[in-house]
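Novice: Each chain, letter by letter, is given below.
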Amino acid sequence: DGGITQSPKYLFRKEGQNVTLSCEQNLNHDAMYWYRQDPGQGLRLIYYSQIVNDFQKGDIAEGYSVSREKKESFPLTVTSAQKNPTAFYLCATQSNYGYTFGSGTRLTVV
Amino acid sequence: QQQVKQSPQSLIVQKGGIPIINCAYENTAFDYFPWYQQFPGKGPALLIAIRPDVSEKKEGRFTISFNKSAKQFSLHIMDSQPGDSATYFCAAAMEYGNKLVFGAGTILRVKS
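Top line first, the protein sequences correspond to chains A and B.
Numbering (our numbering) for the first sequence: 1 to 110.
Numbering (our numbering) for the second sequence: 111 to 222.
In short, the hints are calculated from the structure, not lab data.
None of these values were measured; they are calculated from a predicted model.
Over the 12 Å line for every Cβ pair with chain B, so calculated as not near, a few chain A residues:
| no. | residue |
| --- | --- |
| 1 | K14 |
| 2 | N18 |
| 3 | N28 |
| 4 | T77 |
Below, simulated DSS-like cross-link-like pairs (lysine-lysine); rule was C-alpha separation at most 25 Å, straight line:
| no. | chain 1 | residue 1 | chain 2 | residue 2 |
| --- | --- | --- | --- | --- |
| 5 | A | K83 | A | K14 |
| 6 | A | K9 | B | K152 |
| 7 | A | K57 | B | K115 |
| 8 | A | K71 | B | K209 |
| 9 | B | K152 | A | K71 |
| 10 | B | K181 | B | K115 |
| 11 | B | K209 | A | K57 |
Partial selection, computed: residues in chain A whose CB lies under 7 Å from chain B:
| no. | residue |
| --- | --- |
| 12 | G42 |
| 13 | S103 |
| 14 | G104 |
Glycine is no exception: its CB is placed at the ideal position from the N, C-alpha and C atoms.
Let the sequences and hints guide you as you build the complete structure.
Specialist: Structure follows, in structure tokens:
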């Protein structure tokens, strides 16, 4: 969507397992963001990156990790330390025209 | 700390009605206020945005009203259609779009 590809669309995680969500963009945008969406709570910022090889914690970073080795890619790892990972995860990039979001990954703990 | 408070949580209107969604913010340093529209299973899409130097902005059937002194802004949808049924989020940021803070969202249903 809009040059941002999130995969997979659906992901199931077992207890104690780490999983990685992919976010790839071809918009040539420097800034990238990861948000978590839960019903009735809006979007909460997990991590963001303004430039390659640099990233910052957002409001709910505990139990998550990221990397930014390439401008195009900003993967999010949900670790076993995240106690309630079931949610809809959204990746976004930022330009002068605002945010562009991907289509999201729905993660479910089984 | 919820920096942007959005209401109502859900809203049902008849086709042709004018749903109004309200947001209030606390941080006076915010200077960029976008609205996003999200359909089920999709990411949010930018609908319309406003800066605090104007009190109103229209784009098609969508209008943002902004009250800087009250620290409030609202979205009006004129002549609403069933296709407008979606979740709407207000947001705010400092420095034009950096680190958006989102409201909790409003689920809108337009009945035909």
